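Protein sequences appear in the order of chains G and F.
Under the working numbering, the first residue of the first sequence is numbered 22, with each subsequent residue one higher.
Under the working numbering, the first residue of the second sequence is numbered 107, with each subsequent residue one higher.
Worth double-checking, as some hints may not be accurate.
With a straight-line cut-off of 25 Å between C-alpha atoms, the simulated SDA-like cross-links for lysine to any residue are [stated by the list, open to error]: (1) Lys-28(G) / Thr-253(F); (2) Lys-63(G) / Thr-244(F); (3) Lys-62(G) / Gly-177(F); (4) Lys-229(F) / Thr-23(G); (5) Lys-63(G) / Thr-240(F); (6) Lys-229(F) / Gly-74(G); (7) Lys-31(G) / Met-211(F); (8) Lys-28(G) / Lys-159(F); (9) Lys-159(F) / Lys-229(F); (10) Lys-31(G) / Gly-145(F); (11) Lys-28(G) / Gly-249(F); (12) Lys-31(G) / Leu-232(F); (13) Lys-28(G) / Arg-140(F); (14) Lys-28(G) / Pro-230(F); (15) Lys-62(G) / Thr-251(F); (16) Lys-229(F) / Met-78(G); (17) Lys-171(F) / Pro-137(F); (18) Lys-63(G) / Pro-234(F); (19) Lys-31(G) / Val-238(F); (20) Lys-62(G) / Gly-249(F); (21) Lys-63(G) / Glu-43(G); (22) Lys-31(G) / Glu-245(F); (23) Lys-28(G) / Met-155(F); (24) Lys-176(F) / Glu-76(G); (25) Lys-229(F) / Glu-43(G); (26) Lys-31(G) / Met-155(F); (27) Lys-171(F) / Met-155(F).
Derived contacts from chain F toward chain G, CB cut-off under 10 Å, selection only [said to hold, decoys possible]: (28) Ala-219; (29) Ala-222; (30) Ser-223; (31) Pro-230; (32) Leu-237; (33) Asp-250; (34) Thr-257; (35) Ser-260.
Here are a few chain G residues that sit away from chain F, every Cβ distance over 10 Å (derived from the structure) [what the hints assert, rightly or not]: (36) Val-35; (37) Glu-53; (38) Ile-58; (39) Lys-62; (40) Gly-74.
Bear in mind the hints are in silico, worked out from the structure with no lab data behind them.
Just so we're clear, the structure is a prediction, and the values are computed from it rather than from any experiment.
Glycine included, C-beta positions come from ideal geometry on N, C-alpha and C.
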Amino acid sequence: MTWIAFKPVKLTIVAPDGFTVEQEATTNNIGEFTVDIGTHKKGNYTIYAHYLGVEEMLQPSEATVIILAVEELTETKLEMTAPETVVPVGTNVVVSAKLTVEFPPV
Amino acid sequence: MGFWDWLKRLLDWLSGPFRPRFRKTKLRLSPVVRSGPTGSEIVVLGQLMEAEKLTAIANAEVAVKVTDPKGAIDQYFAMTDNVGMFSIKVGLFVEGNYTVHVEYMGDGDRYLACEASTMLVCKPVLVPTTLVLTPSATEARVGDTVTITATLSS
């Protein structure tokens, strides 16, 4: 395998609402580049990359990756308490439960 | 009317209805593709027909000459089938233009000669490439940033 250095790659980023951004990146000396994708809406972000190749030398290639952005979940808490944890057989025990949610500070 | 006039009229009469009528011919060359990578083979379909009525000329011999980019020549004969078709296989081994020339010599009684040429291009073999996208995560919370690393190799 040989890295293909300093070559342009076309990127198409499609947001969950269909909004599309096209940009171009260039590979570094070891054939790599990185791109940051900011997620602002929940759903699938599709990133499509396409290398055009070099006429009469290198074939084109392409790749696709999908990232799922999900809503931030708020933590909940469920607590149970019993007045006694050891009782004789035949005793009724009332168990209390409490479900709470803690919103992060604004 | 003298003897020579009489002889001339006789010859004119004889050469009228009985004169051989040569028909024009036509060669059509149709490469399946016009270019290919080094090491591949291209088939050229040929058809021999009468030029006016476009009827096939069957079982006729045609001379094939293939010239490669370096000028090397390969010559041989091919026969048309019962619908006037023949095929030529050209192996592409040298980058550049190949010329395929076909000649029909005609038939002494019926058909005139004709010829046709076509050009094929031998291209270098393309190296396949691979593009891989590796995301830092495939699932993220809304508002997070995902970094994608791409790698291009051959």
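Results for each hint:
1. Of the pairs offered as hints, the one joining Lys-28(G) and Thr-253(F) holds, with about 20 Å between alpha carbons and a cut-off of 25 Å not exceeded.
2. Our distance criterion of 25 Å between C-alpha atoms is met by Lys-63(G) and Thr-244(F), whose separation comes to about 13 Å.
3. For the proposed pair Lys-62(G) and Gly-177(F), the alpha carbon gap of about 64 Å is over 25 Å, so the pair is violated.
4. Using a Cα cut-off of 25 Å, the hinted pair Lys-229(F) and Thr-23(G) holds, with the two alpha carbons roughly 22 Å apart.
5. In summary, the hint linking Lys-63(G) to Thr-240(F) is supported, as the alpha carbons are separated by about 20 Å, within the 25 Å threshold.
6. Taken as a hint, the Lys-229(F) and Gly-74(G) pair is honoured in the structure, with Cα atoms around 15 Å apart against an allowance of 25 Å.
7. Taking the CA atoms of Lys-31(G) and Met-211(F), the gap is near 56 Å; set against the 25 Å cutoff, the hint is violated.
8. Distance check on the hinted pair: Lys-28(G) and Lys-159(F) sit about 57 Å apart at the alpha-carbon level, beyond 25 Å; violated.
9. Simply put, Lys-159(F) and Lys-229(F) have alpha-carbon atoms about 39 Å apart, too far for the 25 Å limit, and the pair is violated.
10. Restraint check for Lys-31(G) and Gly-145(F): not satisfied, since their Cα atoms lie roughly 32 Å apart, outside the 25 Å limit.
11. Proposed proximity of Lys-28(G) and Gly-249(F) is contradicted: the alpha carbons are some 31 Å apart, above 25 Å.
12. Proposed proximity of Lys-31(G) and Leu-232(F) is supported: the alpha carbons are some 20 Å apart, at most 25 Å.
13. This hinted pair does not check out: Lys-28(G) and Arg-140(F) have alpha carbons roughly 30 Å apart, beyond 25 Å.
14. Taken as a hint, the Lys-28(G) and Pro-230(F) pair is honoured in the structure, with Cα atoms around 20 Å apart against an allowance of 25 Å.
15. Annotation: proposed proximity of Lys-62(G) to Thr-251(F) holds, straight-line Cα distance about 12 Å (limit 25 Å).
16. Restraint check: the Cα-Cα separation between Lys-229(F) and Met-78(G) comes to about 9 Å, which is no more than 25 Å; the hinted pair holds.
17. As the CA atoms of Lys-171(F) and Pro-137(F) are separated by approximately 15 Å, the hinted pair is consistent with the 25 Å bound.
18. Pair hint Lys-63(G) plus Pro-234(F) does not hold up; C-alpha atoms about 36 Å apart against a cutoff of 25 Å.
19. A threshold of 25 Å between alpha carbons decides the hint, and for Lys-31(G) with Val-238(F) the separation of about 13 Å falls inside it, so the pair holds.
20. For a cut-off of 25 Å, the pair hint linking Lys-62(G) to Gly-249(F) stands: about 8 Å separates their Cα positions.
21. Taking the CA atoms of Lys-63(G) and Glu-43(G), the gap is about 20 Å. The hint holds against a cut of 25 Å.
22. A threshold of 25 Å between alpha carbons decides the hint, and for Lys-31(G) with Glu-245(F) the separation of about 23 Å falls inside it, so the pair holds.
23. Taken as a hint, the Lys-28(G) and Met-155(F) pair is broken in the structure, with Cα atoms around 52 Å apart against an allowance of 25 Å.
24. Of the supplied pair hints, the one linking Lys-176(F) and Glu-76(G) holds, its CA atoms being roughly 23 Å apart against a limit of 25 Å.
25. Only pairs whose Cα atoms come within 25 Å are accepted, and Lys-229(F) paired with Glu-43(G) is rejected, the gap being roughly 32 Å.
26. Taking the CA atoms of Lys-31(G) and Met-155(F), the gap is near 51 Å; set against the 25 Å cutoff, the hint is violated.
27. At most 25 Å may separate the alpha-carbon atoms for a hinted pair to count; Lys-171(F) and Met-155(F) meet this at roughly 19 Å.
28. Because the beta carbon of Ala-219(F) sits about 39 Å from the nearest beta carbon in chain G, more than 10 Å, this interface hint is broken.
29. For Ala-222(F), the shortest C-beta to C-beta distance to chain G is roughly 28 Å, which exceeds 10 Å, and the interface hint is violated.
30. For Ser-223(F), the shortest C-beta to C-beta distance to chain G is roughly 25 Å, which exceeds 10 Å, and the interface hint is violated.
31. At about 5 Å, the closest approach between the beta carbon of Pro-230(F) and any beta carbon in chain G falls short of 10 Å, and the interface hint on this residue holds.
32. Given hint, Leu-237(F) at the interface with chain G, holds; its Cβ is 4 Å from that chain's nearest Cβ, closer than 10 Å.
33. Here the hint on Asp-250(F) is kept, as its CB sits about 6 Å from the closest CB of chain G, short of 10 Å.
34. Given the 10 Å rule on beta carbons, the hint for Thr-257(F) holds: about 5 Å separates it from the nearest Cβ of chain G.
35. A least Cβ separation of about 5 Å between Ser-260(F) and chain G falls short of the 10 Å threshold, and the interface hint therefore holds.
36. Once the 10 Å rule is applied to beta carbons, Val-35(G) is consistent with being away from chain F; the minimum gap is 14 Å.
37. For Glu-53(G), the condition that its CB be more than 10 Å from all CB atoms of chain F is violated, with the nearest at approximately 5 Å.
38. Not every beta carbon of chain F lies more than 10 Å from that of Ile-58(G), the smallest distance being close to 5 Å; the non-interface claim is violated.
39. With a least beta-carbon separation of about 7 Å from chain F, Lys-62(G) fails to lie farther than 10 Å from that chain, contradicting its non-interface assignment.
40. The Cβ of Gly-74(G) does not lie farther than 10 Å from every Cβ of chain F; its closest approach is about 6 Å, which violates its non-interface assignment.
Of the numbered hints given earlier, the model fails hints 3, 7, 8, 9, 10, 11, 13, 18, 23, 25, 26, 28, 29, 30, 37, 38, 39, 40; all others are met.
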